[in-house]
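Asker: Using the sequences and the hints given, assemble the complete structure.
Chains as they are written, first to last, in our numbering: chain A, 13 to 400; chain B, 13 to 400; chain C, 13 to 400; chain D, 13 to 400.
Among the clues, some could well be false.
No copy is singled out in the list; a pair is fine if it fits within one copy or between any two copies.
[What the hints assert, rightly or not] In silico lysine-lysine, DSS-like type, Cα no more than 25 Å apart, as pairs:
1. K203 <-> K399
2. K229 <-> K161
3. K302 <-> K190
4. K360 <-> K140
5. K394 <-> K229
6. K320 <-> K302
7. K16 <-> K360
8. K90 <-> K43
9. K16 <-> K59
10. K143 <-> K356
11. K302 <-> K143
12. K43 <-> K16
13. K109 <-> K143
14. K390 <-> K229
Derived by calculation from the structure, the hints in this document are not laboratory data.
There are 4 protein chains.
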Amino acid sequence: MARKIRMGMVGGGKGAFIGAVHRMAASLDGKIELVAGAFDIDPERGKLMGDELCLDHSRVYGTYKEMIEKELALPASKRVDFVSVVTPNNWHFPISKDFLEAGFNVLCEKPMTMSLAEAIGLENIVKKSGKTFALMHNYTAYPMVKLAKDMVKCGDLGTVRKVIVIYPQGWLARPIEKQGQQQASWRTDPKQSGAGGCIGDIGSHSENLAEYITGLKITEVCAELTSFIEGRPVDDDANCLLRFDNGAKGVLHTSQISIGEENGLSIWVHGTDASIEWHQEHPNQLLFKKLDAPVEILSRGNPYVAAKSPAAARATRVPSGHPEGFLEAFANNYKNFAETILLKEEAKEVDPLVNDFPSVAEGIRGMAFIEAAIANSKNNEKWTKLKH
Amino acid sequence: MARKIRMGMVGGGKGAFIGAVHRMAASLDGKIELVAGAFDIDPERGKLMGDELCLDHSRVYGTYKEMIEKELALPASKRVDFVSVVTPNNWHFPISKDFLEAGFNVLCEKPMTMSLAEAIGLENIVKKSGKTFALMHNYTAYPMVKLAKDMVKCGDLGTVRKVIVIYPQGWLARPIEKQGQQQASWRTDPKQSGAGGCIGDIGSHSENLAEYITGLKITEVCAELTSFIEGRPVDDDANCLLRFDNGAKGVLHTSQISIGEENGLSIWVHGTDASIEWHQEHPNQLLFKKLDAPVEILSRGNPYVAAKSPAAARATRVPSGHPEGFLEAFANNYKNFAETILLKEEAKEVDPLVNDFPSVAEGIRGMAFIEAAIANSKNNEKWTKLKH
Amino acid sequence: MARKIRMGMVGGGKGAFIGAVHRMAASLDGKIELVAGAFDIDPERGKLMGDELCLDHSRVYGTYKEMIEKELALPASKRVDFVSVVTPNNWHFPISKDFLEAGFNVLCEKPMTMSLAEAIGLENIVKKSGKTFALMHNYTAYPMVKLAKDMVKCGDLGTVRKVIVIYPQGWLARPIEKQGQQQASWRTDPKQSGAGGCIGDIGSHSENLAEYITGLKITEVCAELTSFIEGRPVDDDANCLLRFDNGAKGVLHTSQISIGEENGLSIWVHGTDASIEWHQEHPNQLLFKKLDAPVEILSRGNPYVAAKSPAAARATRVPSGHPEGFLEAFANNYKNFAETILLKEEAKEVDPLVNDFPSVAEGIRGMAFIEAAIANSKNNEKWTKLKH
Amino acid sequence: MARKIRMGMVGGGKGAFIGAVHRMAASLDGKIELVAGAFDIDPERGKLMGDELCLDHSRVYGTYKEMIEKELALPASKRVDFVSVVTPNNWHFPISKDFLEAGFNVLCEKPMTMSLAEAIGLENIVKKSGKTFALMHNYTAYPMVKLAKDMVKCGDLGTVRKVIVIYPQGWLARPIEKQGQQQASWRTDPKQSGAGGCIGDIGSHSENLAEYITGLKITEVCAELTSFIEGRPVDDDANCLLRFDNGAKGVLHTSQISIGEENGLSIWVHGTDASIEWHQEHPNQLLFKKLDAPVEILSRGNPYVAAKSPAAARATRVPSGHPEGFLEAFANNYKNFAETILLKEEAKEVDPLVNDFPSVAEGIRGMAFIEAAIANSKNNEKWTKLKH
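Answerer: Here it is, written out as structure tokens:
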């Protein structure tokens, strides 16, 4: 008989957006059970959250350090199998580090760390720990993004020449961090969010999406980062030119001051034989454009998708025409991460289709990109190389 | 401390589409736990499904009657709080009846029954039982559909004049039921699906959507039902003219032989002051068209949605631009149904925003519509009145 | 050396919408020259219009009868080659008749006549005259509509099963005819527009589009015509079920009270092998939906369009991605009509690609449809046969 | 009585795309008459084109110099009022210069010249001549682009912060210039097209659109120009970062190797209060996005458009829902140019709404942009200032 995976959470208290998302995504397939957590810096608020989540009081902890200690004291059959780290950015690294070193599997929100150096450090910690580590880049878990990746891989596009990836949002068009909006406050505070504002928060998703689909690496970036809101200590807008390791060229622009844009992550990949286009806000379709032929609207859930991409098929829960969304994509990473943990526990081989979720490598690339973009924006050289 | 609701399931074995959907939808918010089931007519297959779902063997039953008997024998604190009926249509009524009469709350897939008479019968059974009954019309649980309803209700459209509701699919364009496709087989067998084919399966969703949003009732229907596949004993296409109780006119057409259409439920409501338009395949947007003004794209998750429709806000899990889909809508009915059960258990008042899910009234309307459409299509009278 | 065709116009004075459209459409290709006209019932206003159009005073006439008389008195080398009739509907028949009988070629706005009987009468007049007659159904002159027709014809869709054609507008949602809006006034006056309001004005375009693309004939109609504006003597909304001569079924709905709809003529044709979808407001694309394959967006101006449809290629002026619109489609009928006149004059064979514009046959079908729909709407029989 | 304007043409022989476009655009409104031309370097081919266009043989010239000489010899009442220069780029300047100096009004295709120096030279020639000069930037003549400009001007967007303008095409994804494709051959030959390939051909349209709508000037550019086709001597792809004179930031990317893209000129302008979005391939709509409000779809031809922008209203020929396209926009420049000539001839004041077409100033900006982009792409400095 199958067993459910036991999940713990650090962060994700009242008012946190992403913690609730993680809980729903983990819960969706009915195979992961949240059993413990340290939800809030304020232990009282943490307890209330535990109540709301129907958790046993004994498993709701005041601090993540207490959580490590007390979970380790439990028998293995009750102890959490993994912990999700959903705190502000500055806590991602130390918490992940401590749990890994204590022998727990870890799923961490992005960005993985506050610096490239830390990211490289974490890679070593993960290796040494022998545990499974996942980094939550949810946008690459959409089925049609997986299809796109497989199409590029199998040569449907020929050689990639040009990549456009954009991620406009508008919610920081006004200085709402000064009015106490919780999401805005920590995201515009470099101590909590890191040196990158927009470039870190969502530019890194753009970079990740481009590299994931194309299988290429960005080698150099030329960037103009701007803070349009007076007094905001981090960028809220970024425009970048890109160069890829196969000679392809690219554009990446992202913004949090583009009024009317909600969460407009989109990508166009142009190859020597064909192009693809995908929009996160309508994630169930992928446009495929072959030379001298009609544009095709590939639609999630169809047999022709499964035939091309087993990964897309595996990431699909409901038939075509029944839209899947953000939470389902998120849940795909949880599903693969949890199954991988189980298989490893049973010392079974992990199919690459299961062992399919972002991890430290993606985290390192993200930090390398962010640091290169910030560095380039501050100096007058045209191109800055990514350092890793 | 909150407690989780315990759910049982009848039907939903291997290869069933809708059973898995119900399990994911129930699971999403982490407040409902599947603890028991009679998943399959074949008890062995049922056990395997139970294993897959991590259920205790003692709670996986060979028949639904055994399930009733043995669940009743459990202490109330372990017994299922409700049962989801996700069998082929012909079993909806007898199973719901037996569970209700045994004192269980019931959530039943649509169509509620095989006939209008049975539907009226079930209404009485529900009343007598004092239990909570939900009918799964998931499409009216989308946030933007709830917004549409509230916009009509508060007069944003003026008086409704015209309603167009369509539901084209293409998956039965070929006689795939003869090739053993499980979904097609029972849906085209009148003994399992009822007298209506397409008109029952998805025409009833269209009727429900139109009445839900407008708050009007269809009084008369003029219908042309067709079975385009030779030898198919039920209709696979239906075109209807409608009349509503306020004098509004309408068109409803639905099809399962419209190649290239996936799950194209869409509605247009035209009033004396404004119109709205909504498409299920892109459910996060609602078009609002005022006289002599630009069309507005209302987008789920925005403050202006919440300000107009608390029901839409309550039905929303992630911010605008982060698409929600089919499962999230489905889950909204589960959430409200489960909270209602808990509140009733605690003898608390149930807020109308919580007590917001389809039930027997919608089931009766559905059967009245299906029967009227079938009757009209067979005779030569222009208009047939709905009988209830 | 090629010569320009000389055009005359009856109607199309100040404030007329369609007269100006005819002039621009005729002018577009630089091969038709407007040289004469009787533009207005008020001769003074007619003269002013002639001035505005840079016409010689001697060719601006007070009445169309004067125009016939005086044009006949001119040498053939100066006389108009054809006359465009763009008056209110009630004048279409008598003016066309008189010009044809006087030996002029005629292009007439739709609807061709005020009754089916007149339409049949006009057919005989055209035959007897030996002149070329065109009826302006402009929507079938869009390149992608011609492609659609050729795709059906060559079997790309298999056998047509279902046709949905819709034409919603919203501009008559209020009784603007009572405020002196010129377009609204004559269109809602049965003496000028005919017995059909919306069903005549734009329902006939819908019928024409459906028959043009499918090559089928509507045999029976079941209709609900409504006048939503109190006191409006003609319908402003119509919902119809259709039966076609090959057994296909259909829906046609049209409206002039659907607020927010501008000129939403759209069609879906579903066959046994594939479907097509086209929207007049985005006329440069045609969706093509094959069984178990991605939807294709066919785009005007591409080689694959020309390869399938020489008629579409001929109807195309600028490359793909350079949008063509309403006037270009309109101009296609003028172009073919004018070239046909020239070729006939020179007693040359007329290629079917040139002799490609609507004429009396389409006008008769239109009147037969309008009369059947009106008759059916007034009685209680379910289906009314088209009489011709 | 109004008179028609007499037009001559240089270039636009057989196989030329843009010459035919100019003729249709000039012809559309029935106020401009093509009466003379030097259509081809090969006089025989030129004569055949003259025949096809129904021109008098005496007005079809072997060379443009002959045209100047012989037209000057005609009485003013017969002589062309203006000449359209539609040759390959390298001829734009000398021909425009000669006609202007001979006292003719000139409308010239873009790019205006082969260099910024020439462009500045032409400005002086125009001034000295006292004649009217128009540069054909057709995309800024779309009504919804004029609306966009007026919305920015009247403050609807607040202060502009960010501009994204893109112009992807795919038709040069293969080396079709080596197969004798006429359009490709001269456009990829720097001697005929100028130093810029894609950046000159369509990048300049993007620059022009951005400056037109925003009323801002690009001050600096950072560019990566690429020639993806081996051996192609000009760029076929360009990615640029932009800085504007008010501190706004921007991205401009354009391509002729982006397979599947047809003519995808699009723009997003983000201000402190609102944003707009427009797509050339669907030119009748403009998206308007206000802070915390639904996105509005502004649609050409509606009263709310006219109320905001008399220029958009003037540029509109048919009602909303009746799509206008590329040729209509093109024709707007011809209309304004021709009316301006007439008014000047009559020594009347020219309303700014009439005197509304691109001229030398736009040509100079275009050349300054092209030269700066090319220079920047070749060196390692991050930003290059536009020189004029």
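Asker: So, for every hint listed, does it hold in this structure?
Answerer: Do the hints match the structure? See the list:
{"no.": "1", "hint": "K203 <-> K399", "result": "within (23 Å within a copy, 42 Å between copies)"}
{"no.": "2", "hint": "K229 <-> K161", "result": "within (14 Å within a copy, 40 Å between copies)"}
{"no.": "3", "hint": "K302 <-> K190", "result": "between (49 Å within a copy, 21 Å between copies)"}
{"no.": "4", "hint": "K360 <-> K140", "result": "within (20 Å within a copy, 54 Å between copies)"}
{"no.": "5", "hint": "K394 <-> K229", "result": "both (19 Å within a copy, 22 Å between copies)"}
{"no.": "6", "hint": "K320 <-> K302", "result": "both (16 Å within a copy, 18 Å between copies)"}
{"no.": "7", "hint": "K16 <-> K360", "result": "within (17 Å within a copy, 33 Å between copies)"}
{"no.": "8", "hint": "K90 <-> K43", "result": "both (15 Å within a copy, 20 Å between copies)"}
{"no.": "9", "hint": "K16 <-> K59", "result": "both (24 Å within a copy, 17 Å between copies)"}
{"no.": "10", "hint": "K143 <-> K356", "result": "within (9 Å within a copy, 46 Å between copies)"}
{"no.": "11", "hint": "K302 <-> K143", "result": "neither (43 Å within a copy, 48 Å between copies)"}
{"no.": "12", "hint": "K43 <-> K16", "result": "both (5 Å within a copy, 16 Å between copies)"}
{"no.": "13", "hint": "K109 <-> K143", "result": "within (11 Å within a copy, 51 Å between copies)"}
{"no.": "14", "hint": "K390 <-> K229", "result": "both (23 Å within a copy, 24 Å between copies)"}
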